[in-house]
Amino acid sequence: MKTVAKPLRTRPELGGLDGLDRFLRFKGSTLLIKGYAGAGKTTLATLLLERFGGGVYVSSRVSEDKVHAQLPLMKQMMPGPEFVDVRLDLPLSTVAKVIEVTSQRKDDVPLLILDTWDGMAKELEDKERLKAEKTLIALADGSNTRVVFVSEEPGKSTMDYLVDGMVELVRSEEKGRVFREIEIQKLRGTPIVQHKYLYTLLGGRFAYIPPYEEPDYSKAKKPAARRDFDKSTYSFGSEAFDSIFRGLKRGTAFTLEYSEDVPYSAIRLLHIPLIINFLNMGRSCLMIPLLGASVEEILSVIRPHVTGEAITKRLRMATVEPSDGSALKPPLFGMGRGKVDNEHANFSKVAEELAARSVDGNVVIVDSMSFLENLFASDREGLIEAMADRIIATQRHGNALLLILQSDSPIKSRMLSMSQNYLRLFMKDRAVVLVGEKPATEAYVLDHADNPLMPRLTRIV
Amino acid sequence: MEIGRVSVGESVDGRSDFIQLFYTSVMEGLRKVLGDSAAQAALFYIKLNECLDKPSELHARLESMFRIGSKALEKSIAVELQTRSGVSPQQMDDFANLVDSVRQEYVGHARPRGEAI
Chain C
394 MKTVAKPLRT
404 RPELGGLDGL
414 DRFLRFKGST
424 LLIKGYAGAG
434 KTTLATLLLE
444 RFGGGVYVSS
454 RVSEDKVHAQ
464 LPLMKQMMPG
474 PEFVDVRLDL
484 PLSTVAKVIE
494 VTSQRKDDVP
504 LLILDTWDGM
514 AKELEDKERL
524 KAEKTLIALA
534 DGSNTRVVFV
544 SEEPGKSTMD
554 YLVDGMVELV
564 RSEEKGRVFR
574 EIEIQKLRGT
584 PIVQHKYLYT
594 LLGGRFAYIP
604 PYEEPDYSKA
614 KKPAARRDFD
624 KSTYSFGSEA
634 FDSIFRGLKR
644 GTAFTLEYSE
654 DVPYSAIRLL
664 HIPLIINFLN
674 MGRSCLMIPL
684 LGASVEEILS
694 VIRPHVTGEA
704 ITKRLRMATV
714 EPSDGSALKP
724 PLFGMGRGKV
734 DNEHANFSKV
744 AEELAARSVD
754 GNVVIVDSMS
764 FLENLFASDR
774 EGLIEAMADR
784 IIATQRHGNA
794 LLLILQSDSP
804 IKSRMLSMSQ
814 NYLRLFMKDR
824 AVVLVGEKPA
834 TEAYVLDHAD
844 NPLMPRLTRI
854 V
Chain R
803 MEIGRVSVGE
813 SVDGRSDFIQ
823 LFYTSVMEGL
833 RKVLGDSAAQ
843 AALFYIKLNE
853 CLDKPSELHA
863 RLESMFRIGS
873 KALEKSIAVE
883 LQTRSGVSPQ
893 QMDDFANLVD
903 SVRQEYVGHA
913 RPRGEAI
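In the order they appear, the protein sequences are chains C and R. Here the first sequence stands for residues 394 to 854, numbered as in the working numbering. Here the second sequence stands for residues 803 to 919, numbered as in the working numbering.
Treat the hints with care, as some may be off.
Once the Cα atoms are required to be at most 25 Å apart in a straight line, the calculated DSS-like pairs of lysine-lysine come out as [claimed, not checked]:
| hint | chain 1 | residue 1 | chain 2 | residue 2 |
| --- | --- | --- | --- | --- |
| 1 | C | Lys499 | R | Lys849 |
| 2 | C | Lys490 | C | Lys515 |
| 3 | C | Lys624 | C | Lys642 |
| 4 | C | Lys732 | C | Lys568 |
| 5 | R | Lys873 | C | Lys499 |
| 6 | C | Lys520 | R | Lys856 |
| 7 | C | Lys490 | R | Lys834 |
| 8 | R | Lys873 | C | Lys490 |
| 9 | C | Lys579 | C | Lys549 |
| 10 | C | Lys831 | C | Lys568 |
| 11 | C | Lys831 | C | Lys821 |
| 12 | R | Lys834 | C | Lys614 |
| 13 | R | Lys849 | C | Lys490 |
| 14 | C | Lys527 | R | Lys873 |
| 15 | C | Lys527 | R | Lys877 |
| 16 | C | Lys520 | R | Lys873 |
| 17 | R | Lys849 | C | Lys527 |
| 18 | R | Lys834 | C | Lys527 |
| 19 | C | Lys515 | R | Lys877 |
Derived by calculation from the structure, the hints in this document are not laboratory data. Please read all numbers here as calculations on a predicted model, not as lab measurements.
Looking at chain C on its own, in the form it has when it is part of the complex:
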């Protein structure tokens, strides 16, 4: 029967990582970390050492100096882990070290890392290796030391069956972008709710990406106004997007493509700060919300952070005209199921009115293509013509146009061909991933910053 130690201090990098934290509270537990070279196994092991406030790190691969140079966290730890270099030793030295750590010391060692066990065991015959592995497990079992085996062996090995817990780090590439996933394969005695998570090694630290969570807008704070980059570039209203895309060029179309499983609240992280920033700079905004989104909800998110005048005079949001013929109050305006030309003309008129009320005549237009595609499903070519006209008008007036496009949109390629910038949002391991396609960027994970209105982008490296 294993004993449960006191709860550990949680660290954001590991806290909550599906049961791993809880699993490692069991003294004497054994964990296998698998993955190819470069996957971040040693970085994760280092995080575990930090988590337990030190331990013993047995290395068969690199010297202490190199580990310190490559993993700053290892050097920063106070007290640092005890480093044992067994690169030139026999496997029996490793077993001897495990015996010494697990049973011969007066003070308990919370964590022992064998990096890599394969490197130590490859000199052994299969039968001999199996016996050595069983011995190591027996030594850890019932001791006060958690033993972590690091392995570079792909596929199944005997260790898979012997250890209490097993995680695999996988590095993959999609369209030239690196993705990293940690797969929790087993944690004896601990339930696993989600088996796979994205993680990043940004800054030489292992950090897993928790699932996307809906924001609590009641905690939102008014964002600080962000000025234009220069005469030809607007700010997105958020540092995160500004730093990656260098702002939004005047007179251009910027397209955001999203897969159908991306939460609307994640898509709003791009355009809500943009709209609030525009309104707070005295400019205007014209918006066609995503199909199925609550107009009232969007307004309730924007309203606390802008003036009443901005809402009634400089913001307009399209909604389907009420069937009972009742009038809509500003900032809402109706779009009917009439001909595309007529509706486009009405839309342009509203845009002109907003430009007249804008402090410098500039307007940001946020168009949800799913709304328009469904409204004008019978006249697809007419819609494309109207959108082309809108993009031309945007160029002429120096406005900003943000197109929000579902990834399975039938007019996607036509719209993308008219867009200067283009990014994609999709879900991976329950996280929202952002990839810039024009210009091409690395993969980022998109979630809410401390201020739930604002985006936070974490690069996957």
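Chain C is fixed; fit chain R onto it per the hints.
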């Protein structure tokens, strides 16, 4: 075999027949369960020479190292000891008692030859 500067394969030359037999049984019993490398590593910390006369001490050292796993090791040592000594197999309730019992039986047979115990 040496780990660091300490010898694992301690000499038992000059000690009694039974001690030599027990020594070999422990080495072989551990090797069969743990394998060569792990057995040598374990012997290094057990310091077998110090507890060849005191099976209860060997039991304590094995238990502190392997905890519940020490039972399997003691069983393996006991099988080796009984096979090598030719003493009929006995039920093992207590490792130290069993070793003592085998020793008495073995010595009882051996004494007529006038050898040291």
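Cross-check of the supplied hints:
no.	hint	in the structure
1	C/Lys499 <-> R/Lys849	holds (18 Å)
2	C/Lys490 <-> C/Lys515	holds (18 Å)
3	C/Lys624 <-> C/Lys642	holds (9 Å)
4	C/Lys732 <-> C/Lys568	violated (40 Å)
5	R/Lys873 <-> C/Lys499	holds (24 Å)
6	C/Lys520 <-> R/Lys856	violated (32 Å)
7	C/Lys490 <-> R/Lys834	holds (21 Å)
8	R/Lys873 <-> C/Lys490	holds (22 Å)
9	C/Lys579 <-> C/Lys549	holds (13 Å)
10	C/Lys831 <-> C/Lys568	holds (13 Å)
11	C/Lys831 <-> C/Lys821	holds (21 Å)
12	R/Lys834 <-> C/Lys614	violated (68 Å)
13	R/Lys849 <-> C/Lys490	holds (16 Å)
14	C/Lys527 <-> R/Lys873	holds (14 Å)
15	C/Lys527 <-> R/Lys877	holds (17 Å)
16	C/Lys520 <-> R/Lys873	holds (21 Å)
17	R/Lys849 <-> C/Lys527	holds (22 Å)
18	R/Lys834 <-> C/Lys527	holds (12 Å)
19	C/Lys515 <-> R/Lys877	violated (30 Å)
Checked against the numbered hints listed earlier, the structure breaks hints 4, 6, 12, 19; every other hint is satisfied.
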